[in-house]
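> The whole structure should be built from the sequences, with the hints applied where relevant.
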Amino acid sequence: MGKLVSKIPDGPLRNKWTNYKSSVKLVSPANKKKLEIIVIGTGLSGAGASSSLGELGYNVKTFCYQDSPRRAHSVAAQGGINAAKNYQNDGDSTFRLFYDMIKGGDFRAREANVYRAAEVSNQVIDHYTALGVPFARDYGGTLDTRSFGGVQVSRTFYSKGQTGQQCLLGVYSSLNRQIKKGNVTMYPRREMLDLVLIDGKARGIIARNLVTGEIERHSAHAVVLATGGYGTIYFLSTLAVNSNASAVWKAHKKGAFFANPSFIQIHPTSVPQLNEFQAKLTLMSESLRNDGRIWVPKLKGDKRPGNEIPEEERDYYLERRYPAFGNLVPRDVASRAAKERCDAGYGIGDTGLAVNLDFRDAIKKQGKKAIEEKYGNLFNMYKTITGIDSYIEPMQIYPAGHYTMGGLWVDYELMTTIPGLYAIGEANFSDHGANRLGASSLMQCSGDGYFILPVTIGNYLSEEIKVPKITTDKPEFEETEKIVVERLNKFLSIKGRQNAASFHKRLGKIMWDYCGMVRNEEGLKKALGLVRELRDEFWKDLNVPGDSNMVNQELEKAGRVADYFELSELLITDALNRKESCGAHFREEYQTPDGEALRNDEEFAYVAAWEYGGEGKPHILNKEDLKFEEVELKVRSYK
Amino acid sequence: MKLTLRIWRQKNATAKGNFETYQMDNVSPRMAFLEMLDALNKKLVEEDKDPVAFDHDCREGICGSCGMFINGHPHGPVPAITTCHLSMRFFKDGDTIWIEPWRAKPFPVIKDLIVDRKAFDTIMIAGGFISVNAGAAPEANSILVPKTKSDMAFDTAICIGCGACVAACKNASAMLFVSAKISQYALLPQGRVEAKERVRKMVEKMDEAGFGNCSNTGACEAECPKEIKLVDIARLRREFIKAF
Amino acid sequence: MSKILFSSITKKLVMALAGLFLLTFLPVHLFINLMLLKSDPGPFNTAAHFMATFPLIRIMEIVLFVAIFVHISWGIFIQIKNWLARPVGYVSANKSETSFFSRFMIWTGATILTFFVLHWFNFYFIKIGLVPGNAEDFYSVAHKLFKIPAYDIIYLTCFAILGFHLYHAFFSAFQTIGLSTSFWSPVLKVIATIYAIVIPACFALILITLWLFR
Numbered sequence: 001m002g003k004l005v006s007k008i009p010d011g012p013l014r015n016k017w018t019n020y021k022s023s024v025k026l027v028s029p030a031n032k033k034k035l036e037i038i039v040i041g042t043g044l045s046g047a048g049a050s051s052s053l054g055e056l057g058y059n060v061k062t063f064c065y066q067d068s069p070r071r072a073h074s075v076a077a078q079g080g081i082n083a084a085k086n087y088q089n090d091g092d093s094t095f096r097l098f099y100d101m102i103k104g105g106d107f108r109a110r111e112a113n114v115y116r117a118a119e120v121s122n123q124v125i126d127h128y129t130a131l132g133v134p135f136a137r138d139y140g141g142t143l144d145t146r147s148f149g150g151v152q153v154s155r156t157f158y159s160k161g162q163t164g165q166q167c168l169l170g171v172y173s174s175l176n177r178q179i180k181k182g183n184v185t186m187y188p189r190r191e192m193l194d195l196v197l198i199d200g201k202a203r204g205i206i207a208r209n210l211v212t213g214e215i216e217r218h219s220a221h222a223v224v225l226a227t228g229g230y231g232t233i234y235f236l237s238t239l240a241v242n243s244n245a246s247a248v249w250k251a252h253k254k255g256a257f258f259a260n261p262s263f264i265q266i267h268p269t270s271v272p273q274l275n276e277f278q279a280k281l282t283l284m285s286e287s288l289r290n291d292g293r294i295w296v297p298k299l300k301g302d303k304r305p306g307n308e309i310p311e312e313e314r315d316y317y318l319e320r321r322y323p324a325f326g327n328l329v330p331r332d333v334a335s336r337a338a339k340e341r342c343d344a345g346y347g348i349g350d351t352g353l354a355v356n357l358d359f360r361d362a363i364k365k366q367g368k369k370a371i372e373e374k375y376g377n378l379f380n381m382y383k384t385i386t387g388i389d390s391y392i393e394p395m396q397i398y399p400a401g402h403y404t405m406g407g408l409w410v411d412y413e414l415m416t417t418i419p420g421l422y423a424i425g426e427a428n429f430s431d432h433g434a435n436r437l438g439a440s441s442l443m444q445c446s447g448d449g450y451f452i453l454p455v456t457i458g459n460y461l462s463e464e465i466k467v468p469k470i471t472t473d474k475p476e477f478e479e480t481e482k483i484v485v486e487r488l489n490k491f492l493s494i495k496g497r498q499n500a501a502s503f504h505k506r507l508g509k510i511m512w513d514y515c516g517m518v519r520n521e522e523g524l525k526k527a528l529g530l531v532r533e534l535r536d537e538f539w540k541d542l543n544v545p546g547d548s549n550m551v552n553q554e555l556e557k558a559g560r561v562a563d564y565f566e567l568s569e570l571l572i573t574d575a576l577n578r579k580e581s582c583g584a585h586f587r588e589e590y591q592t593p594d595g596e597a598l599r600n601d602e603e604f605a606y607v608a609a610w611e612y613g614g615e616g617k618p619h620i621l622n623k624e625d626l627k628f629e630e631v632e633l634k635v636r637s638y639k
Numbered sequence: 001m002k003l004t005l006r007i008w009r010q011k012n013a014t015a016k017g018n019f020e021t022y023q024m025d026n027v028s029p030r031m032a033f034l035e036m037l038d039a040l041n042k043k044l045v046e047e048d049k050d051p052v053a054f055d056h057d058c059r060e061g062i063c064g065s066c067g068m069f070i071n072g073h074p075h076g077p078v079p080a081i082t083t084c085h086l087s088m089r090f091f092k093d094g095d096t097i098w099i100e101p102w103r104a105k106p107f108p109v110i111k112d113l114i115v116d117r118k119a120f121d122t123i124m125i126a127g128g129f130i131s132v133n134a135g136a137a138p139e140a141n142s143i144l145v146p147k148t149k150s151d152m153a154f155d156t157a158i159c160i161g162c163g164a165c166v167a168a169c170k171n172a173s174a175m176l177f178v179s180a181k182i183s184q185y186a187l188l189p190q191g192r193v194e195a196k197e198r199v200r201k202m203v204e205k206m207d208e209a210g211f212g213n214c215s216n217t218g219a220c221e222a223e224c225p226k227e228i229k230l231v232d233i234a235r236l237r238r239e240f241i242k243a244f
Numbered sequence: 001m002s003k004i005l006f007s008s009i010t011k012k013l014v015m016a017l018a019g020l021f022l023l024t025f026l027p028v029h030l031f032i033n034l035m036l037l038k039s040d041p042g043p044f045n046t047a048a049h050f051m052a053t054f055p056l057i058r059i060m061e062i063v064l065f066v067a068i069f070v071h072i073s074w075g076i077f078i079q080i081k082n083w084l085a086r087p088v089g090y091v092s093a094n095k096s097e098t099s100f101f102s103r104f105m106i107w108t109g110a111t112i113l114t115f116f117v118l119h120w121f122n123f124y125f126i127k128i129g130l131v132p133g134n135a136e137d138f139y140s141v142a143h144k145l146f147k148i149p150a151y152d153i154i155y156l157t158c159f160a161i162l163g164f165h166l167y168h169a170f171f172s173a174f175q176t177i178g179l180s181t182s183f184w185s186p187v188l189k190v191i192a193t194i195y196a197i198v199i200p201a202c203f204a205l206i207l208i209t210l211w212l213f214r
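Chains as they are written, first to last, in my numbering: chain A, 1 to 639; chain B, 1 to 244; chain C, 1 to 214.
Treat the hints with caution; some may be incorrect.
[Claimed, not checked] Result set (DSS-like, lysine-lysine): computed pairs, CA atoms no more than 27 angstroms apart in a straight line:
1. Lys149/B - Lys242/B
2. Lys149/B - Lys369/A
3. Lys11/B - Lys170/B
4. Lys11/C - Lys201/B
[Unchecked claim] Per label pair, the in silico range of CB-to-CB distance:
5. Phe6/C - Phe19/B: 35 to 41 angstroms
6. Phe183/C - Gly94/B: 42 to 48 angstroms
7. Lys369/A - Thr96/B: 41 to 47 angstroms
8. Ile76/C - Asp350/A: 57 to 63 angstroms
Calculated directly from the structure, the hints in this document are not laboratory data.
Glycine included, C-beta positions come from ideal geometry on N, C-alpha and C.
Shown next as structure tokens:
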């Protein structure tokens with residue numbers, strides 16, 4: 001426990017960030033010019049941080065694996081971005097936003113960080129608006145908001161169903177401005193393959209140029225990871241198919257603790273799997289649950305089309321189980337309920353792994369036009385993918401892996417346990433506890449990148465101003481590069497039969513089945529064995545054709561899957577360790593008689609920060625106890 | 001379904017490319033186009049052959065990574081969608097599908113179906129932003145924007161930068177792409193302040209990159225997965241004339 | 001500033017303005033041609049004489065030639081750059097839905113230029129004394145030409161092609177000078193269609209009428 005210093009400032013919750021800002025050490029403009037910072041990832045947090053740091057005058061080197069920073073997966077967020085503006089006069093406040101996040105996260109997040117995220121949320125909206133992000137507006141020209149799952153106020157700013165895209169293009173534009181000014185150097189089509197430590201401090205990275213295959217060394221005074229989540233560990237998820245955990249995993253193996261890895265949010269409404277080669281699951285916005293009713297047939301294995309099943313033969317199971325919230329229960333609850341019905345044999349579709357999301361009653365009541373106005377683009381997208389017209393037939397939906405609340409452990413300054421290594425956005429663990437509320441990820445990522453990290457990193461860099469530009473000819477770079485190259489050669493030399501994606505798919509299936517929405521000790525232990533077996537097979541039967549000195553997408557994929565094998569084990573270990581049900585983590589052994597999550601605050605009100613124990617050795621658990629000073633721990637009930 | 005694929009294969013930027021023919025059996029109409037290519041690649045790797053390289057990421061039509069010229073259309077024959085959203089149900093058993101990379105001087109082929117779209121970023125870096133530092137923004141509601149203008153700005157802001165407009169245009173013109181960003185900022189009061197400088201710089205970079213001129217044929221509008229309109233190009237020209 | 005002047009948008013703008021000027025000349029020419037329908041050569045020749053001598057018209061003539069020169073040379077220059085923008089083409093034919101005639105502007109333009117040259121040999125060069133002939137009686141020159149079937153076929157074909165060219169040119173010019181908006185764009189397209197049919201059709205109808213009734 002002594003290893004985790006969360007550096008939470010003193011004073012009352014409301015004043016912590018202000019106090020911190022007033023006392024944090026600063027770097028003078030002249031010195032900023034001498035300091036270099038590496039940022040990995042160009043989503044809301046990465047591009048936001050890069051541009052903010054550039055504006056401050058630091059020398060920033062920014063990396064992304066895509067061909068352009070504009071493609072980072074923040075682009076796919078649909079619903080909106082929260083802020084405590086209280087434009088609706090509905091009693092919203094920073095504290096209320098903070099409280100909703102803490103409660104929504106099932107009391108497994110750090111109070112001070114969450115409060116700060118809520119505090120900067122208003123600045124984020126101001127900034128995006130100034131950057132020309134076209135948020136929805138009212139006829140008077142002011143910004144409009146809508147309500148979102150799990151809260152009682154309307155605080156979500158949105159751009160139709162493409163809020164993430166619009167915000168991302170906003171940060172992309174501010175990043176571009178700094179690139180033009182020469183403060184940021186952009187390195188697209190680069191993948192970080194390892195972190196370089198010098199005297200225990202993060203000092204650079206080894207990256208592969210994905211076009212030429214060249215292995216590059218890049219140095220800096222600090223490294224920021226903004227690489228997003230690891231939801232593709234399930235193979236099928238709502239993430240981009242190339243999203244991966246390799247950067248955070250490499251950092252973890254170099255000493256950064258990994259916190260709460262098993263907290264993965266399963267989104268209840270995605271398009272179900274349609275074929276065996278399916279590469280991803282497309283999200284259907286949570287907002288659909290405002291008007292759609294979720295049901296399955298009362299008759300097991302009923303194969304009739306949804307609209308031919310009469311009312312009395314339908315089981316609106318959410319409305320039945322949760323009369324108070326009905327179809328609007330939080331994501332984790334809705335997801336589990338769908339799985340429960342499908343496992344019991346009531347699922348629909350070819351696979352039996354889907355439930356109906358039906359707009360028949362809403363259309364009858366409000367008219368087709370009203371529904372079209374609200375959800376037209378989503379209905380179109382659904383039709384594009386499945387060919388089903390949801391104005392006539394119910395949508396078929398099923399939960400899918402979506403967001404990882406877990407991530408690298410960071411202190412209040414967003415620094416990991418490696419000095420000089422920061423993790424921001426979804427890549428860290430700090431703000432969402434065991435479950436994330438809708439529209440708070442864009443908020444947190446933007447806040448981390450634009451407004452928090454640029455302040456906190458100064459505290460570290462102020463001590464580094466005497467460190468001259470770090471050269472890449474140091475033995476640490478050489479050594480790390482050697483390990484990277486050896487690993488790449490290893491992939492190329494196995495010369496088995498199967499491609500990396502096949503392994504990924506099988507790994508994902510194991511993780512989904514045993515470490516997905518519902519977990520139990522027996523299953524988790526079994527999964528551990530299966531993962532290890534599959535990993536051995538991977539290292540024996542993988543085939544990566546071609547060479548490393550060219551575009552080689554199989555080679556990229558192999559590295560990511562290899563890291564996922566290791567992360568999977570940790571994820572299972574964490575799920576085994578947490579003998580309680582909270583948020584997205586549901587252990588069957590720990591539930592109430594009517595099937596609700598049973599949290600154990602006595603024993604588990606802590607952040608499980610896992611320390612890498614070395615090759616083949618078990619991980620070491622470090623606990624950061626969560627102290628709740630401002631909120632009272634309550635049982636989440638949506639009945 | 002059984003399909004014949006004729007795919008452009010090119011080892012690297014300097015290599016000479018050619019079309020290779022692949023037979024695909026058991027293609028399900030429920031597959032997405034890229035999943036069909038995934039299946040092909042799986043097969044190729046099992047035969048220890050080089051799989052087909054193509055850009056792709058989100059697979060839900062929003063990141064703009066994917067893009068190939070399929071049977072004479074960028075993103076395939078179905079309007080207003082990206083390649084990743086193209087379902088195999090739009091093809092028939094026995095079809096031959098020609099798959100080519102985007103073709104344009106500023107989009108050199110990197111490998112197989114991957115092209116380098118750096119030119120788009122260069123244009124954006126030249127002026128695709130509003131100059132405001134983090135922390136310097138005024139209160140969001142102090143900037144009032146009429147809803148109609150804001151909605152119009154949104155309709156142009158949804159460009160995903162995939163390059164289908166360039167690929168479709170007989171002149172490989174990037175006007176639609178540039179016009180989308182210019183229009184978004186031109187329609188918003190925040191963007192007016194540096195409108196002149198912006199349009200000059202972005203057009204300058206567009207020309208330098210070697211894109212062709214606009215002949216107002218409308219191919220870009222017809223193929224744009226996000227349905228950006230030709231009238232936005234007219235707005236680009238208005239903005240440019242204003243900047244004289 | 002120089003960068004603005006040589007930018008792709010400016011080039012196209014200049015070409016469009018020149019084209020628009022040429023569009024205004026066509027109805028004037030048509031008005032004069034209508035006098036060919038009269039059996040009295042007087043009005044036509046007076047009009048021709050007026051066009052050849054009135055100072056303001058002489059100035060406009062220079063502008064007209066400059067416009068023709070600019071429209072053609074800019075057109076060719078832009079076209080070459082456009083071809084260069086795609087050094088490697090597609091194997092499968094591009095099937096994108098476009099305004100059909102927009103794809104062949106360079107070729108319809110070239111055809112019209114060829115006709116211009118023929119036309120200048122027949123009339124303009126006589127007027128300025130490059131080619132022998134009676135500059136005071138273009139009425140007879142025109143009627144004589146119309147009696148040659150080969151000429152008539154060329155004449156009708158060229159006007160059909162002019163129609164194709166105008167159909168796209170009219171709308172395109174307004175689009176290029178930035179006057180097309182979501183409201184005006186469809187209106188412009190209708191006007192373009194009318195213009196592109198009516199003007200060439202009237203020229204052609206004069207010939208056909210003379211054929212049928214003389």
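> Could you work out which of the previously given hints the structure breaks and list their numbers from low to high?
As far as the earlier hints go, not one is violated by this structure.
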